[in-house]
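Model the placement of chain B on the given structure of chain A, informed by the hints.
So the sequences go chain by chain: A and B.
Its first residue numbered 1, the first sequence is counted upward by one per residue in our numbering.
Its first residue numbered 1, the second sequence is counted upward by one per residue in our numbering.
Possibly wrong hints are sitting among the right ones.
From the derived model, a few chain B residues whose C-beta atoms are all more than 12 Å from chain A [said to hold, decoys possible]: (1) ASP34; (2) PRO68; (3) PRO139; (4) HIS162; (5) ASP167; (6) GLU222.
No farther apart than 25 Å at their CA atoms in a straight line, the calculated lysine-lysine pairs in the PhoX-like style are these [stated by the list, open to error]: (7) B/LYS226 x A/LYS17; (8) A/LYS219 x A/LYS25; (9) A/LYS219 x B/LYS226; (10) A/LYS219 x B/LYS2; (11) B/LYS39 x B/LYS65; (12) A/LYS16 x B/LYS226; (13) B/LYS39 x A/LYS25; (14) B/LYS39 x B/LYS2; (15) A/LYS172 x A/LYS240; (16) B/LYS2 x B/LYS226; (17) B/LYS2 x B/LYS65; (18) B/LYS39 x B/LYS226.
Per the computed footprint, the stretches of chain A lying under chain B, defined by three or more beta-carbons under 8 Å from a beta-carbon of chain B, are [as the list claims (entries may be wrong)]: (19) 68-77; (20) 199-209.
Don't read these hints as lab results, they were simulated from the structure.
Every residue, glycine too, gets a C-beta built ideally from N, C-alpha and C.
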Amino acid sequence: MLRIDAHVNLGNGRYKKQDIATILKGMEDNGIDRCVLCPVEEYLTVYNGEGNRMLTEACRQYPDRFYGFAVANPWYGERAVRMLREAFEAGLHGAFFVSSLQGFSIDDDIVDPLMEVCREFGRPAYFHTATPAFALPLQLAYLARRFPEVDFIMGHCGANDFVYDIDASMYKTPNLYLETSLSYCETIYRVVEQYPDRVIFGSDSPRSPQGFELGKVLKSTGDASVMENVLSGNLLRILKGGDRS
Amino acid sequence: MKGLIIDTHAHTQDGIGWLSGGYVPAGRMVEIMDENGVKEAWVSATTGLQRDFIESNRRQYEETKGYPGRFVNFYAANPNYPELLEADVRRSIEDRGFRGIKMHPWMTGFAIDIPESRRMVELAIEYDVPIMYHDGTPPWSETLQVAAMADYYPEAKIIIGHAGLFDAYRSAIRACNTHDNIWLGICGPCVGDAAQIIREARTDRIVFGSDFAASNTGNLMEERLKVLELACPDEEIRRKILCENARQLIAEPCGA
Chain A
1 MLRIDAHVNL
11 GNGRYKKQDI
21 ATILKGMEDN
31 GIDRCVLCPV
41 EEYLTVYNGE
51 GNRMLTEACR
61 QYPDRFYGFA
71 VANPWYGERA
81 VRMLREAFEA
91 GLHGAFFVSS
101 LQGFSIDDDI
111 VDPLMEVCRE
121 FGRPAYFHTA
131 TPAFALPLQL
141 AYLARRFPEV
151 DFIMGHCGAN
161 DFVYDIDASM
171 YKTPNLYLET
181 SLSYCETIYR
191 VVEQYPDRVI
201 FGSDSPRSPQ
211 GFELGKVLKS
221 TGDASVMENV
231 LSGNLLRILK
241 GGDRS
Chain B
1 MKGLIIDTHA
11 HTQDGIGWLS
21 GGYVPAGRMV
31 EIMDENGVKE
41 AWVSATTGLQ
51 RDFIESNRRQ
61 YEETKGYPGR
71 FVNFYAANPN
81 YPELLEADVR
91 RSIEDRGFRG
101 IKMHPWMTGF
111 AIDIPESRRM
121 VELAIEYDVP
131 IMYHDGTPPW
141 SETLQVAAMA
151 DYYPEAKIII
161 GHAGLFDAYR
171 SAIRACNTHD
181 NIWLGICGPC
191 VGDAAQIIRE
201 ARTDRIVFGS
211 DFAASNTGNL
221 MEERLKVLEL
231 ACPDEEIRRK
241 ILCENARQLI
251 AEPCGA
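So here's chain B without its partners, still in its complex pose:
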């Protein structure tokens, strides 16, 4: 599996804003990905979740475009600025090759079920790209609030980014097994919880994520890969989670 892993949940860090921590150049990210056998990372801009999202998404595009096939850009969306957001999402997908939308309602500060937020799901459907949500954090990023988007929009491809995170993995399992358009990211649950997710949820709908670069080093990627290895001793299922299931969402990255 080394060299074939798809990390569906990663971030770029430009060093601006407190969430972003230090600047991590894309070249350094690629080195860490190579050390861990990761072929491609689906990234969103941490700074874009909180500050100037238009500039942050542009900066991510500029940062990653020198590494074709290694990054898939997800648009870090801020529905608090609907008058600016839609045009920039369209520009990013159409002109810059962005292939997904990232929503972090807790950090960005919006409720999931408002028209401006739901508009992002509609755009994701229009462009046939996945939309990923941070989840597991009440009151604005609860796992079943994300599942409700899958309920409203059965044609959308919804990624529950943390599969319940610390407490809500049972809700994530229920959501995944109820809705045909939900994928669960093993990115945060501890080994025991991840093992239960893999035992009970649809294994063709589980993907791997690291939250990589949401820290200053590659430790998190190594840790998250180890969690999956311990939670899923079955190599065939692990291969699906690490390498294959994500291709249901994005067939190939730009420039692959």
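Here chain A stands alone, though its shape is the one from the complex:
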């Protein structure tokens, strides 16, 4: 069964530090076949171009192991649009946002031009959630409803305080998916049962160990086909442009 970790951090940041060798070693130890790489804090907020080049190089070196989700801070305006477009043209696979660090509310239309780029290239957009007041599940749901042709990933399932907003966010938002990292086991068990075709395994390594996060997901269901979807199938579907039939 193919295993893909949808959230692994790359780079030497203020809080998170992880290089390619460490990521590959973790994948080997935990039986992970592929990872989605996301740049750490400084690249996410300020040095977007450098972050995207770091991802592009990693994906070029290990095309069978890594996907790269590009960064572009919407406060850069036209420059951000250009950077995201260049990143997708260079082969990166999606966009990655932590709006609480980048300084905008998910439902602020400042991000709309970047969503237009995602739509144009058929790329999904990952948003960190669970940090008030700028990164909330329902903000993401309303953004997702405005861009029905883009697939959105709700990072951390609204962990902790905002798990109560999952259902309202998923309601009438078929292009929204739930990523499991940092969520409590009970939340993961619930969403896998309720939304088996829309849950995606992720670890947020190194903030949480990949093996630990994988362990929670592996306990979530005894249904092999559901597990396969959570570990890889659901993500692969949206990486290929989605199937919202």
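For chain B alone, kept in the frame of chain A given last:
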């Protein structure tokens, strides 16, 4: 450490009210504690955080009293009813052996820095029992709002129940290292954040909590113990967090 662990942050569930989920008998809780090597759990009534707190606290007392040495009852306080609250806190501590007060401003619906809420800190000081707050949830349960109680009342024993929960662990570290009367509960932060707390905060002021029984199974206790194990490979420090530091707050449970 198996069999010696003190879980400072757990709940009883009577199955009444949406927060409580299903009914978890105390006997079942003890079985799960035994499976995880937990000697005693400091519990507050989930239903009491939202509904009839007087009845919920009484029910918790009745539920746990058959297991001496396994549970320490914390009073689930609702400062929205000051005319009823103080007398019942006194009755619970004096007659029923409650050894702490639990405050959940977000769920219960009050601001931490109001006189009715601060009165609970004063009672905790009077009876020399710890007072634990849910934290990490704005706008009414922010970590530094809890720290402010430690600032006002240096003689109080304040437990920051989630050490910042999802986003505020840096505030929890700052609070713990600023005030001598704050303890941090590793109960919610992920492995990486917990590791940073343990590296940077006073390790004699960190305790373990699971939020156990705030769900229908023992999964949460197992998960939280694993988080601590991964965050704290040093066995000596882990022993302090799991078994020893909590004794600064409550020397021994009733009936031990």
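Hint-by-hint comparison with the structure:
| no. | hint | result |
| --- | --- | --- |
| 1 | ASP34 | 20 Å, holds |
| 2 | PRO68 | 30 Å, holds |
| 3 | PRO139 | 9 Å, violated |
| 4 | HIS162 | 9 Å, violated |
| 5 | ASP167 | 5 Å, violated |
| 6 | GLU222 | 8 Å, violated |
| 7 | B/LYS226 x A/LYS17 | 22 Å, holds |
| 8 | A/LYS219 x A/LYS25 | 23 Å, holds |
| 9 | A/LYS219 x B/LYS226 | 15 Å, holds |
| 10 | A/LYS219 x B/LYS2 | 24 Å, holds |
| 11 | B/LYS39 x B/LYS65 | 15 Å, holds |
| 12 | A/LYS16 x B/LYS226 | 21 Å, holds |
| 13 | B/LYS39 x A/LYS25 | 37 Å, violated |
| 14 | B/LYS39 x B/LYS2 | 8 Å, holds |
| 15 | A/LYS172 x A/LYS240 | 22 Å, holds |
| 16 | B/LYS2 x B/LYS226 | 13 Å, holds |
| 17 | B/LYS2 x B/LYS65 | 23 Å, holds |
| 18 | B/LYS39 x B/LYS226 | 17 Å, holds |
| 19 | 68-77 | violated (count 0) |
| 20 | 199-209 | holds (count 5) |
Figure legend: structure checked against the earlier numbered hints; hints not met, in rising order: 3, 4, 5, 6, 13 and 19.
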